[in-house]
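Engineer: Please build the complete structure, drawing on both the sequences and the hints.
Here's the letter readout for the chains.
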Amino acid sequence: MTLTIAALIASITVFVLAIFLGFELISKVPPTLHTPLMSGANAISGITIVGALILSNVAFDGGHPGTAAWLAFAALVMATINAVGGFMVTNRMLEMIAGKKKKKRGE
Amino acid sequence: MVDSAFYDVGYLIAAALFIFGIKRLSSPKTAPQGNRLGAMGMLLAVLVTLAKMYEEGIIGWELILGGLVLGTAIGAWMAIRVEMTGMPELVALFNGFGGGASALVGLSEVLGRLQSGDIPDGGVELYAVWIAIGLCGLVGWLTLSGSLVAMGKLMGGFYIPFSKKDDRGRRRWVNFPTWGPGWLNYVKVALLIGSLALIYLTIQEPTNTQYIYALVAISCILGILFVLPIGGADMPVVVSLLNSLSGLAAAFTGFVIGNNVLIIAGSMVGAAGLILTFIMCKAMNRTLTAVLFRSFGGGGRETVTRTKVGSDPVEVAMVCDGISKCVIIPGYGMAVSQAQHAVKEFADLMEERDVEVSYGIHPVAGRMPGHMNVLLAEASVPYEQLIEMDEINSELPETDVAIVIGANDTVNPVARSGEGPLGGMPIIEADKARVVVIIKRSLSVGYAGVDNDLFYEDKTMMLFGDGKKMMNALNGAIKDF
Chain S
4 MTLTIAALIA SITVFVLAIF LGFELISKVP PTLHTPLMSG ANAISGITIV GALILSNVAF
64 DGGHPGTAAW LAFAALVMAT INAVGGFMVT NRMLEMIAGK KKKKRGE
Chain W
881 MVDSAFYDVG YLIAAALFIF GIKRLSSPKT APQGNRLGAM GMLLAVLVTL AKMYEEGIIG
941 WELILGGLVL GTAIGAWMAI RVEMTGMPEL VALFNGFGGG ASALVGLSEV LGRLQSGDIP
1001 DGGVELYAVW IAIGLCGLVG WLTLSGSLVA MGKLMGGFYI PFSKKDDRGR RRWVNFPTWG
1061 PGWLNYVKVA LLIGSLALIY LTIQEPTNTQ YIYALVAISC ILGILFVLPI GGADMPVVVS
1121 LLNSLSGLAA AFTGFVIGNN VLIIAGSMVG AAGLILTFIM CKAMNRTLTA VLFRSFGGGG
1181 RETVTRTKVG SDPVEVAMVC DGISKCVIIP GYGMAVSQAQ HAVKEFADLM EERDVEVSYG
1241 IHPVAGRMPG HMNVLLAEAS VPYEQLIEMD EINSELPETD VAIVIGANDT VNPVARSGEG
1301 PLGGMPIIEA DKARVVVIIK RSLSVGYAGV DNDLFYEDKT MMLFGDGKKM MNALNGAIKD
1361 F
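Chains as they are written, first to last, in my numbering: chain S, 4 to 110; chain W, 881 to 1361.
The hints are simulated quantities; they were obtained by calculation from the structure and are not laboratory data.
Since we're looking at a predicted model, the values are computed, not measured.
For every residue, glycine included, the Cβ atom is placed at its ideal position computed from N, Cα and C.
Everything hinted at is true.
Per label pair, the in silico range of CB-to-CB distance:
1. S:PHE63 - W:LEU994: 20 to 28 Å
2. S:MET99 - W:PRO1277: 29 to 37 Å
3. W:TYR1039 - S:PHE23: 43 to 51 Å
4. S:PRO33 - W:VAL1067: 34 to 42 Å
5. S:PHE23 - W:GLU1278: 38 to 46 Å
6. S:MET99 - W:LEU994: 46 to 54 Å
7. S:PHE63 - W:GLY1037: 40 to 48 Å
8. S:PHE23 - W:SER996: 35 to 43 Å
9. S:GLY69 - W:ALA1170: 45 to 53 Å
10. S:PRO33 - W:ILE1040: 36 to 44 Å
Structural biologist: Below, the structure written as structure tokens:
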């Protein structure tokens, strides 16, 4: 993979625009959602799983994989925990919050 | 042969799902859907990556499948098993894992490149990739070690493994320290400059792995030193700042492996986390720099010289008889004693007696953004009864009884005077209610180290004791009344 200046600038553009997008995206959040929002956003930062997957593509048959491969494996496990656990726990919290509302309405 | 643009479109859809997901997470009605959209985006990103890897040729499935299965199993197990009271610790831990994963990807990439001799000979690629790897390592390791310290602080301490058990079958407990003299800030700045210098050195001499390992070590120490001086009540700020950093680490990882979906998702999470951090700071009337660099409440704690006679639950039950409006103001003490169910029972008893009950929630009550809301939701408190600070303050003058459970600084009237450590902090004006009942273990000062005049007012009744026990005793007294 050769990186050109044009490609780098394009990536930096995406980076800067996404930061602005993030700032604009949530201007007002009710306190009830502070925890779920944080933990949901946190789960999204598990996207690094993509990088971990790519680097985990290592063969076992030529002896044992090197340090780099085991680091990638550890990264993959951690990122997966972050993503799967994060979304599940957020879902649990939101169900708890929303569930009560439904019950209230049914009364 | 599928065109590689096909995969890029897949990543683009995943990024769009993340954007909609975060947007919807910020409104109560759409939040569950927002979370699902985020999860779908993640699944799509993983599937697209696997498909792309499959086409380019997978040489070994073992680590890939093993990692996915193991991570899913552990993550799901933790998410299902956790109690709502343990939520702050778990969020901090997951956050640390996110940062750690990004850091490990960066380290794996650089070691892999060194192994295969794939080092750019200079120019833009060397600079861009090596700076990205360096920053991804710095932020990632800092997030990991910082989050672990934050988790320790949120737990309050830990049992020493293998130590002798006492007669109740528990191992020795050590409180997690909070330590940070003023000179520590200079150490932190020096370490930060040192780590940036190391990134520069790795560019000058890419093959020297010692620079890389030194960077790992310094980043970890920096993370520990950042969080160590920060006390309990500032934790909401720290947890959400670390959340922001883990997003940033993922974005830098995107530069390392040249993938836009990581850059978009990561920087968006970083920005969103920063907004939440500022919301928390604003609620405490403190700047982010003050939270991070000025140890708070450590020195100059006021000693309590005044005394106040405690009331008993029966007295309070008598006061609560025949009232029409009651406001419950919870604080960290409710979380510690896990009194939320007892509080809900009290509210039910009051409602049976035609008393209007609502809860006044201070934005930084507890140890994580929205901590009280999550706990009370667990105890089936209707969402509509949780009232934000500004709104409840207009209701408090017409309130008969305000019950403050395990809160101190967030109801301290001294904040209105504009002086001292609490000066200017927005508070819940419990002192405006006709009668104030405070459930607290003692008269001791809160996190800010300031004595609370509210305790000594004539209309204040103190119930000294553990939040849950006192709440249950009060409920019992009301039932007997």
